[in-house]
Amino acid sequence: MQAQEETKQSLPKLLLTIEEAAKALSVSRAFFYPLVMRGEIFSVKIETARRIPWESLQAYVRKLIDEQEKH
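If you use the working numbering, the sequence shown closes out at 85, no skipped numbers anywhere.
One should not assume that every hint holds.
[Unchecked claim] As a list, the in silico BS3-like pairs of lysine-lysine whose alpha-carbon atoms are at most 27 Å apart:
1) Lys59 / Lys84
2) Lys59 / Lys37
3) Lys37 / Lys27
4) Lys84 / Lys27
5) Lys27 / Lys77
6) Lys59 / Lys27
For the record, the hints were derived by calculation from the structure and aren't laboratory data.
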C-alpha cells in the first residue's frame, strides 16, 4: 500500500482543475475562467469536466513574459 501511495505522489499532475490552475497562477477563479473561455489558455474537456494541461499554463506565462519584454 505504501508503494502505491509513493507512486501517486511522484506522478506529475498532467491536467488541473480550473481552481488548481488559477491557484498555480495566483489568480482568482473569476479572473482565470474568462481566460479559458477566450482561448488565451488552452483547455480540454473530459465528458463534462474542463481541465487545463500544465503545459497550457507554462505557455501562457511565457507569452506574458515575452509581451512584457517587448515593452
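Taking the hints in turn, this is what the structure says about them:
Restraint check for lysine 59 and lysine 84: not satisfied, since their Cα atoms lie roughly 34 Å apart, outside the 27 Å limit. Of the pairs offered as hints, the one joining lysine 59 and lysine 37 holds, with about 19 Å between alpha carbons and a cut-off of 27 Å not exceeded. The hinted pair formed by lysine 37 and lysine 27 meets the criterion: a straight-line CA distance of about 14 Å does not exceed 27 Å. Between lysine 84 and lysine 27, the direct Cα distance comes to roughly 32 Å. Violation of the 27 Å bound is thereby established for this hinted pair.
Among the hinted pairs, lysine 27 with lysine 77 is consistent with the structure: their alpha-carbon atoms are about 22 Å apart, no more than 27 Å. Simply put, lysine 59 and lysine 27 have alpha-carbon atoms about 16 Å apart, close enough for the 27 Å limit, and the pair holds.
Of the numbered hints stated above, those contradicted by the structure are hints 1 and 4, listed in ascending order.
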